[in-house]
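These protein sequence lines are chains A, B and C, in that order. Residue numbers for the first sequence follow this note's numbering, so the first one is 1 and each next one is one higher. Residue numbers for the second sequence follow this note's numbering, so the first one is 1 and each next one is one higher. Residue numbers for the third sequence follow this note's numbering, so the first one is 1 and each next one is one higher.
Where hints are given, some of them may not hold.
Said to hold, decoys possible - If you only want the chain B side, here are some residues facing chain A, beta carbon under 7 Å, derived:
id: 1; residue: 95
id: 2; residue: 97
id: 3; residue: 98
Keep in mind that the hints were calculated from the coordinates and are not lab data. Even for Gly, the Cβ is constructed at its ideal location relative to N, Cα and C.
What follows is the residue order along each chain.
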Amino acid sequence: MQLLDLRGKLDTRSQAFFRHRRIAADRNLITNLEGRWMVLSDADFARFATGGLEDGSALKAELSEKNFLREGWDEGAAREAIARRKGFLGYGPNLHVMVVTLRCNETCVYCHASRADMDAVDTDMSKETAEQSVDLALSSTSPGVTIEFQGGEPLVNFEVLKHIVHYAKEKNEEVGKTLEFTLVSNLALMDEEKLSFLLDHKVQICTSIDGPKELHDKQRKLPTLSSFDAVSHWIPIINQAYAERGLDPALYHVEALLTTTRAALPRWKEIVDTYADLGCRALFLRPIDPFGFAGKTKRTVEYPRAEYLEFYRNATDYILEKNRGGVQMIERFGAIFLTKILRGEDPNFLDIRSPAGAGIGQLAYSYDGSVYTCDEGRMLAAQGDDTFRLGHVASTRYRDIVGHPTVRAMVIASNLDSQPDCVSCTYNPYCGIQTTHNHKTQGSVFGRMRESNICAVHKGIQDYLFGKLADGEPHVLEAFERWTTIRSREHFLHEPSGT
Amino acid sequence: MGTTAIEGIPEDVARVDLDASRAILDVDASLYPLEALYGAAYVFIDRCYVFLDRPDPKTLRVVLTPKSLDGDASAALRAMVGELANELVSAAWRHQITQENRAQIEAVTMQAIAGAMGPPSLDDLEDFDFTEEAFEDPLGIAMSWEEKYAKKKEEGA
Amino acid sequence: MTELRFHRALYRGEAVDEAIKTFDRYATLGRAEEDDYWVVRIEAASEARERRVADELSNFALGLTIRSRSA
Chain A
1 MQLLDLRGKL DTRSQAFFRH RRIAADRNLI TNLEGRWMVL SDADFARFAT
51 GGLEDGSALK AELSEKNFLR EGWDEGAARE AIARRKGFLG YGPNLHVMVV
101 TLRCNETCVY CHASRADMDA VDTDMSKETA EQSVDLALSS TSPGVTIEFQ
151 GGEPLVNFEV LKHIVHYAKE KNEEVGKTLE FTLVSNLALM DEEKLSFLLD
201 HKVQICTSID GPKELHDKQR KLPTLSSFDA VSHWIPIINQ AYAERGLDPA
251 LYHVEALLTT TRAALPRWKE IVDTYADLGC RALFLRPIDP FGFAGKTKRT
301 VEYPRAEYLE FYRNATDYIL EKNRGGVQMI ERFGAIFLTK ILRGEDPNFL
351 DIRSPAGAGI GQLAYSYDGS VYTCDEGRML AAQGDDTFRL GHVASTRYRD
401 IVGHPTVRAM VIASNLDSQP DCVSCTYNPY CGIQTTHNHK TQGSVFGRMR
451 ESNICAVHKG IQDYLFGKLA DGEPHVLEAF ERWTTIRSRE HFLHEPSGT
Chain B
1 MGTTAIEGIP EDVARVDLDA SRAILDVDAS LYPLEALYGA AYVFIDRCYV
51 FLDRPDPKTL RVVLTPKSLD GDASAALRAM VGELANELVS AAWRHQITQE
101 NRAQIEAVTM QAIAGAMGPP SLDDLEDFDF TEEAFEDPLG IAMSWEEKYA
151 KKKEEGA
Chain C
1 MTELRFHRAL YRGEAVDEAI KTFDRYATLG RAEEDDYWVV RIEAASEARE
51 RRVADELSNF ALGLTIRSRS A
């Protein structure tokens, strides 16, 4: 069916606002303002589009119930749904990325982090800067604050990491936030003493696994050891430690991230199996991005996004098969979209929301005290582009940081309802763009979505997910249901002792 | 100016001057508001010298001279013209969307920034500049007692 | 001598003036007005230098014009 076939018969009076996209033969996805959706056959879409719905038909009833018809349109329901999706607008940055050092013991081909050599102690965050960073973070209007330790390799500056944990908990007694800590580490410098501190102080641990040992080691080089051996040594120890503390292994375990390079693309099965063998239940199939070293090594690591999407589909199909076989695994990228699609809720993944979280949902604190809209903004500064710098922890007040004109520009630019293409895209209710990515790749924070790798990936993943939803296979729907069930990991929450 | 056409594009719309290493794009002024022209041109200002002209009332002209050119100059200039054309369409459409959706965009932006900033603290209020007259006060209603009567008191003393 | 012609509908006069002030240490700059254009004449030791000053001055004037519109 082509829309042109319906020209002359199209009705514009019976439908409430909707967008549509043909996702496959005989499959037309429609979404509305508040993010309700249906997949219609060509015949049903034609009935909907031409005002030819039969009274009393199941199709008309479902369209009405999901608020696609003007007659009986439920404004209150639409308003409530939109408010629920945009609840994050009511408060400020909850994620505070603290780069405690640029020093790193690993060299990764796609390094995000503008790393420094292990003797570059001048790239360590000082305790004074750390305290000022915590003070700024706890000034956020968000009721919950997550401090995420990044680097370089944050374990290199463990003394300051510990200091931040102690200082933040102490300050929070007065401030009263719900506090969380997360560590992003290659685990190669982990030891029993460090692990004991992290476990005792409930710091969530996140690491990277690029796939089977040979691939991981090739992309993430340690001078003398195997980086894969280091990470695979510690993951089961940490998971065992959680279990010994009585924590549910399904909920409490080391989280691992994948950076998909060109070399990884044909090895989707091995990658998923590696994660499963290591007991990693969540896999985030992230494509490569243009920041940090990846910009320089793109000839060897980059790839067309169509190839990434093929990788994504293969890997996720395999994950779903594993789920069917009793091995419960989540694909996080898909889970983020599915939570919005199936639950009408926003999981607040800051790069996939409208407006995006840069500056209003997250801040990044460099080792030298400079504050940026996000970690990508910090990386651009490390390469000489200060566009996303908002100020300094020692001298810039919180309100001047989040009220900075750059933040305002990014809020406007990442509002999908101000973006060509996004404004009329069927995935508008679920999607988001990254203004730093636009700036880096296309020269402005607005960018041009038709030419954006991020848009291509988001559309491709959502096409895949809606195709699966339309297929309706029970084991897939059951897995998707589990993927979108948000269970709070309360063990990691630090409340003031007075509460 | 010795220019050559770009394959697939009429020469009166776009052409390259290989001797001067620049690309020229002429567009219909009625299709592209000035905001779109500036928005699109500005995207190139870090990697090109950008010159705007209006050779006649119906035409806007953009001349792009790359600051550096590696490899096949003709291909690079062609790609640049294509990117500029895409950026112009994007900027023009964005301008229209912004005008049509202005209320929504402003409301969301205000809510996002206000939510992040929160109410001002006493320290913030201390830095606010209240000296500018916010409204006219011909009857002196907003004047403090001291301002209103200070002179009379001095005269009486 | 290199001549730049800034169309009055596209460039602010103040932006062109500011650009002239900024670049007059690098070349001899002259200014004239026509009905539709601000004209800047550039003389320097070589054609290449004139071209360079012209290019940078143009970008500067454009940048200031755009910034003044958004202020």
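Tested hints:
1. 95: violated, 10 Å
2. 97: This interface hint holds because 5 Å falls under the 7 Å limit.
3. 98: Cβ of residue 98/B sits 6 Å from chain A, so the hint holds.
When held up to the earlier numbered hints, the structure conflicts with hint 1 and nothing else.
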